[in-house]
Structure formats: structure tokens, C-alpha cells
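Undergrad: Using the sequences and the accompanying hints, generate a full structural model.
Quick mapping for you: the protein sequence lines, in order, are chains Y and W. Okay, so the first sequence: first residue is 78 according to my numbering, each after it adds one. Okay, so the second sequence: first residue is 4 according to my numbering, each after it adds one.
Keep in mind that a hint or two might mislead.
[Said to hold, decoys possible] Negatives, chain W to chain Y, calculated, CB over 10 Å:
#1 G45
#2 R71
#3 L81
#4 Q88
#5 V114
[Unchecked claim] Dumping the calculated DSS-like pairs for lysine-lysine here, alpha-carbon to alpha-carbon at most 30 Å:
#6 W:K60 / Y:K119
#7 Y:K99 / Y:K145
#8 W:K60 / Y:K99
#9 Y:K148 / W:K60
Calculated directly from the structure, the hints in this document are not laboratory data. Beta carbons: idealized from backbone N, C-alpha and C, even for Gly.
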Amino acid sequence: GENVEQHPSTLSVQEGDSAVIKCTYSDSASNYFPWYKQELGKRPQLIIDIRSNVGEKKDQRIAVTLNKTAKHFSLHITETQPEDSAVYFCAASASGGSYIPTFGRGTSLIVHP
Amino acid sequence: TAGITQAPTSQILAAGRSMTLRCTQDMRHNAMYWYRQDLGLGLRLIHYSNTAGTTGKGEVPDGYSVSRANTDDFPLTLASAVPSQTSVYFCASRGDRDGYTFGSGTRLTVV
Numbered sequence: 078g079e080n081v082e083q084h085p086s087t088l089s090v091q092e093g094d095s096a097v098i099k100c101t102y103s104d105s106a107s108n109y110f111p112w113y114k115q116e117l118g119k120r121p122q123l124i125i126d127i128r129s130n131v132g133e134k135k136d137q138r139i140a141v142t143l144n145k146t147a148k149h150f151s152l153h154i155t156e157t158q159p160e161d162s163a164v165y166f167c168a169a170s171a172s173g174g175s176y177i178p179t180f181g182r183g184t185s186l187i188v189h190p
Numbered sequence: 004t005a006g007i008t009q010a011p012t013s014q015i016l017a018a019g020r021s022m023t024l025r026c027t028q029d030m031r032h033n034a035m036y037w038y039r040q041d042l043g044l045g046l047r048l049i050h051y052s053n054t055a056g057t058t059g060k061g062e063v064p065d066g067y068s069v070s071r072a073n074t075d076d077f078p079l080t081l082a083s084a085v086p087s088q089t090s091v092y093f094c095a096s097r098g099d100r101d102g103y104t105f106g107s108g109t110r111l112t113v114v
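TA: Structure follows, in C-alpha cells:
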């Protein structure tokens, strides 16, 4: 089955700096890679996703890159703000059908004012 | 507002007692899931259902059961709770566009 590794487990940055979270996956059939943000005491929420037919996707201060050959994908947050502090989860799955998404173990991002 | 509703929000349960965590969605998603979240372990899949009438086991199914009588509801039952089942439980559903929608979670403490 699919195995998703996520690093680092914790990340501490100063406000305004960039943050990068990396994930690797094992199953070459995976073609859909979402990222979720979970604030303290809240539910995980989808913030951005990428499919295997593109290499990069941006949405304001966040971007995701995908390297299918190396089987890794990354979340980039620029100009970090204190409200970016949360736990971020990556996931990998095959689009549609009954393929079960596999989650990484999460990265706790702390943005210091 | 469309989405997923979980109940209860939190519960303290005596060991050995049974309990059903409720999950209802109104988005007509075929696939639904139950996860438990424990510190340092991320989200672990308990059971899933790809469509009404079918269920499957996830990574940590022991001690839990599910049913999927219709599209909207996916209850999770603990037949005889044990302290190791203390956790936060999230229900989720997935539509055609693949991203999960999560419920607000149930915080369960087994004492």
C-alpha cells in the first residue's frame, strides 16, 4: 500500500519568513495530493491540492510543487503570519474510485511574531 | 449550510460501556471515513465506506464497527470501550473532486 512520509514534524519560523514542508510517497499510482491545515481544536481543512498532470500550483501565499519522478511534493508558505500557525497534513491518493487517501503524520508550524 | 455533522462534540465514557458516534452529511458524497487523531500519530483510518451498503477496515479497526444503511449516515460504534480508545474522532466524506470534508470532531475520553 501507499506510504507517505512528512518532514519536518515541527517547524518554527519568524513572521515574514518562508516555510517549506516536504512529503514523499511510495505508490506511483497516486495522482492526487491535497494539503490540509488544522488549527488548534478545529477540524482539518483543505487548503490546496495538486494533481499529477501539473508540477506546481499557487494560491496567494501558498504553493505546492510535485516531482513525480522523485515521488515527492512540498508545501511552500511565503511571508508567514502568526495565523499560519497550525498543523499541516499532506496526503496522497489515486483520483476517484475507491482508493483510500494516505496521510502524512503532520507538521506543527509555529510562526513567531 | 452543507457539510458534515458529528455528535456528540465530546463525551466521557466509562470503560466497558458502548457508544455510537454519529456522522451525517448532506453533500451526497459516496465515500465516508472515520479517523482517530492522537498526538504524534496523525490521522489513522478506522473504517471506511465507498458507497451505501459497503464498508471496509482501515488501519486501526479493532474495537470499532460501522454501518452504512444510506448515503448520508455513517455511525461508528464502540461495543465495549477501553481507555486506549480515548482520542479525537473525525468523520470525513469525499466527493468527486477528491478533497476531504471533515466533521468538527468528537472528543472521547474513556475512564
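Undergrad: Can you name, in rising order, the numbers of the hints this structure does not satisfy?
TA: Result: hint 1 breaks, nothing else.
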